[in-house]
Structures are given as structure tokens and as C-alpha cells.
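Q: So the chains spell out like this:
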Amino acid sequence: MVKRDLIIVGAGPAGLSAAKVALEAGLTVTIIERAAILGGQLTKQTHKFFGSKEEYAKTRGIDIASILIDELKNYEKRLEILKEATVVGMYKDYVLTIYQGNEYFKYQAKAIIIATGASEKVLAFENNDLPGIYGAGAVQTLMNLYGIVPGNEVVMVGSGNIGLIVSYQLIQAGVKVKALLEAASNIGGYLVHAAKLVRLGVPIYTKTSVKKAFGDKQLEKIETVKLDENWQYIEGTEEIINCDALCISVGLTPLHQLLSMAEVDMIYISELGGLIPKKTPDYETSMPRVYACGDVTGIEEASSAMVEGKIAGLMAARDLGHRHKKFNELEKQFKDQLQNLRQGPSGVKIRLGLQKAGEEL
Amino acid sequence: MNKKDIIICRCEDVTLEDVHNCLKDGYTTFEELKRILRVGMGPCQGQTCSILVQREIAKFLGKKIEDVKTHKTRPLITGVVLEDIAGNDND
Numbered sequence: 001m002v003k004r005d006l007i008i009v010g011a012g013p014a015g016l017s018a019a020k021v022a023l024e025a026g027l028t029v030t031i032i033e034r035a036a037i038l039g040g041q042l043t044k045q046t047h048k049f050f051g052s053k054e055e056y057a058k059t060r061g062i063d064i065a066s067i068l069i070d071e072l073k074n075y076e077k078r079l080e081i082l083k084e085a086t087v088v089g090m091y092k093d094y095v096l097t098i099y100q101g102n103e104y105f106k107y108q109a110k111a112i113i114i115a116t117g118a119s120e121k122v123l124a125f126e127n128n129d130l131p132g133i134y135g136a137g138a139v140q141t142l143m144n145l146y147g148i149v150p151g152n153e154v155v156m157v158g159s160g161n162i163g164l165i166v167s168y169q170l171i172q173a174g175v176k177v178k179a180l181l182e183a184a185s186n187i188g189g190y191l192v193h194a195a196k197l198v199r200l201g202v203p204i205y206t207k208t209s210v211k212k213a214f215g216d217k218q219l220e221k222i223e224t225v226k227l228d229e230n231w232q233y234i235e236g237t238e239e240i241i242n243c244d245a246l247c248i249s250v251g252l253t254p255l256h257q258l259l260s261m262a263e264v265d266m267i268y269i270s271e272l273g274g275l276i277p278k279k280t281p282d283y284e285t286s287m288p289r290v291y292a293c294g295d296v297t298g299i300e301e302a303s304s305a306m307v308e309g310k311i312a313g314l315m316a317a318r319d320l321g322h323r324h325k326k327f328n329e330l331e332k333q334f335k336d337q338l339q340n341l342r343q344g345p346s347g348v349k350i351r352l353g354l355q356k357a358g359e360e361l
Numbered sequence: 001m002n003k004k005d006i007i008i009c010r011c012e013d014v015t016l017e018d019v020h021n022c023l024k025d026g027y028t029t030f031e032e033l034k035r036i037l038r039v040g041m042g043p044c045q046g047q048t049c050s051i052l053v054q055r056e057i058a059k060f061l062g063k064k065i066e067d068v069k070t071h072k073t074r075p076l077i078t079g080v081v082l083e084d085i086a087g088n089d090n091d
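As you go down the protein sequences, you meet chains H and R in turn.
If you're matching positions, the first sequence starts at 1 in this note's numbering and goes up one per residue.
If you're matching positions, the second sequence starts at 1 in this note's numbering and goes up one per residue.
Derived from the structure by calculation, the hints contain no laboratory data.
Check the hints yourself; a few may be wrong.
Below, a list of computed lysine-lysine pairs in the DSS-like style, where the Cα atoms sit at most 30 angstroms apart [unchecked claim]: (1) R:Lys34 x H:Lys92; (2) R:Lys34 x H:Lys121; (3) H:Lys212 x R:Lys34; (4) H:Lys278 x R:Lys69; (5) H:Lys106 x H:Lys178; (6) R:Lys64 x H:Lys207; (7) H:Lys207 x R:Lys3; (8) R:Lys3 x H:Lys178; (9) R:Lys59 x H:Lys278; (10) R:Lys34 x R:Lys69.
The model shown is predicted, which means the values in this text are computed figures rather than measured ones.
Here chain H stands alone, though its shape is the one from the complex (with noise of 0.2 angstroms):
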């Protein structure tokens, strides 16, 4: 079996902003990705990111990842990466089991770092299996990293970031943009992004969802329907809009397997999108160096994801033997960070989860 020091799950914006600080501190470093490319989400993020200057406001998704994976390259001699290699099981004897390619074979760690992420969440309705029907973030993948569109005319579910944002790039893409449906009495992301989009002439639809979708072997149209505040649906309200391409785009769920299998404690919180690991203040898990950081500690953004994965690579290195020379000085700035990023409207639901979580803000 292959020993390791520091394993780190996952290359996204936590994972690899935890190799970093670990890697800076001295720690011998393993990030496994399951893609091809390093950068998790950032790849296809075409956008300008808000938030402060720390984390990279007003730079491009891509060219953050770009950024994040440069900094890495003074590290080299200590740093070892696995692509395309999907950590497939995860024990309490700190091993992993891996698969590459054809390849099975296990690493054993002396501290690990869970930054798996978080997958699309889905919706039942009529009819939700016909081709046509995509998540909104699949639909950024095709878009934004595979150069495909997913349709000729599109109707957006769901008015979070991901759904604004996504249905100005499938504009920008040359697709029509029908309608954007949101089951809320509010648009969820910023209203920057959604102003942008009703300038457009993009109708925006609350209290709306999909009820049912038509079409004999792909999608054709769909039928939206009217809620109540108890999100029941209003019959009579019902109206249909040609589609031949639907994004579902309400909300994130944690990556959480590899942390529940190897009994981890977890604990299901709405508010941060389903079952997360419970941690103390330095993002380790109920397993001793065992911490996680990012989307599967909860959905948050990028920016805190990356705070997170300094916080939770600062405190593996120091729990291997490995203190940073600046460790005072960068937790306190880490954490400041993570409280900064969480105040105003938009933290709010993050606070509420965090908070029923168990854990002090």
C-alpha cells in the first residue's frame, strides 16, 4: 500500500487552496481529481467573480483556476497529482481506495482533506427523464468547456446565481433564453445578474414552476404552473411554452460519500443544501485529521471555499508536525476572511445553516 502524508480530495477552488498552504508549511502533498483538468468548477466559469480582492473579485472563473494551479508550481518536488483518478471509497484506517483508468490500488494517509464538492440537485415532475432536460450547471459544461449548446430555445428553473448566470452565457451562445421560472416570491442570486438578464427581454416568472414536459423522443414543450405559499400548485394557472431545452437549476447538494462511509458525523441541514460533515472551528471532522472545506461543508461560493481550504490546509500542517511559520498571523486573517464573506443579505441562509449546524459564527 502507498503512504502518504497529506491526501487531498478533490482540485477545485478548497482543494487546491488547501494544497497550498499545506505545501507552503511544508507538508508533502497528493491531490486526487477526478477530471482531467485541475480547477473543478472555475474551469467553466467564464464570469467575473464579486466578493473582495483576496479572493480574486472581478477575475474570471477560469483564470482563477489558472492562478491557483500556478501557485502550486513552486511546490513541485513536494507535490504529487493524480488525475482522472476518482477516490472511490474512503476507511477509518485512513485509507482510499482509487480508481485510474483500469487501475484499483489504495493510498494510505496520515491526514486527509475532503473537498469533493457538491452535485446539481434535481426535481419531480412529468415526464423529467426526456432528453432535452439538463442541470443548469451540466449545460455551463457543455457550454463553456465542450463549445455545445444544449438547445435551440431554453427555459430556465430556478433564479440562484447558477441560473442567472447560466442563462446569460446560453444567451451569449446565441440560444433563446424563454422564459427563467423561480418557485420563490424572489429571485435568489444578485440582482445584478438578473437585471442584466431582463434587459435582455428575458420574462422572469416567481412563485412558477415546471409541472409537466412533452415531446415523443425529446423535448418539445413544457407546462408551468402557479404556487401557493405552500409551494402547492395552483390548478388553472397552468401555460405552455415551446422548449427544447430545459435547465434545472435549483440548487447544490453535498458531495458527502466519502465522509458518510467512513462514519463520519454528519448531520442533514437544509439551508446548506443536505448532509454535511459536522467540524470544529478548523474544519476537521469528527475523524481526527480528517477535515473538509468547500461546497460539502455546505453550499456557499467559490470565495468562501477557498478561505475554507487555506483554513482547513493551515490546520492539517500543523496537526502533521508542520506549523506555519505565519500560522497566528494567517488564521486570523483565514477566518476574518470567512465571517466577511458570510455578513449581509446574501449570508443569511448560509448563517441560519451554519448556526443550526451547531457551530459559533
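Dock chain R against chain H, hints included.
A: Here is chain R on its own, set in the frame of chain H:
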């Protein structure tokens, strides 16, 4: 509403009708539903359907979704070709 046409678990082709019938038969935990319907036992191992299933259990029992026991996650996370496990020389 035609529950036969609402897919809950796309890996194992389990419909809302299947889930509701099981709930009515008295199988009201995720683990029981898994054993009878194979819901959540396909290639994605429940990552896609588990919240939908939990919501249906919650609705049926009149509970909050947070109070519905989640299903047991077991290795492996995704499909691995048996030959690749059995046939390798790694310890």
C-alpha cells in the same frame, strides 16, 4: 398528475408511483425502500435521488426532511469493473 411518469431515481428507473406504493405498504425508511425498489443503488449511489426520496418520506410521515434518517452510504462511490479489483496485484 401521472406519478408513473415522474422519475425519482434515474439510475434504477424508480418512479414516484413506486415510492408512494411502498410507503403505503408500510415501508417508510430509506433503507427499506432501497431493499425493495433499489432506489439509490445505481451508478450515482443516491447522490441524485436521495433528497427527493427523503422529501417523499417526510411528506408521508408528516415530518421535517431533517428528521428523516438518511440512507447508509457504503463503498464504492461509483461503478468499478470487477476484473480491475479481482485481477490486480496491488495489496
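Q: Which numbered hints does this structure break?
A: 5
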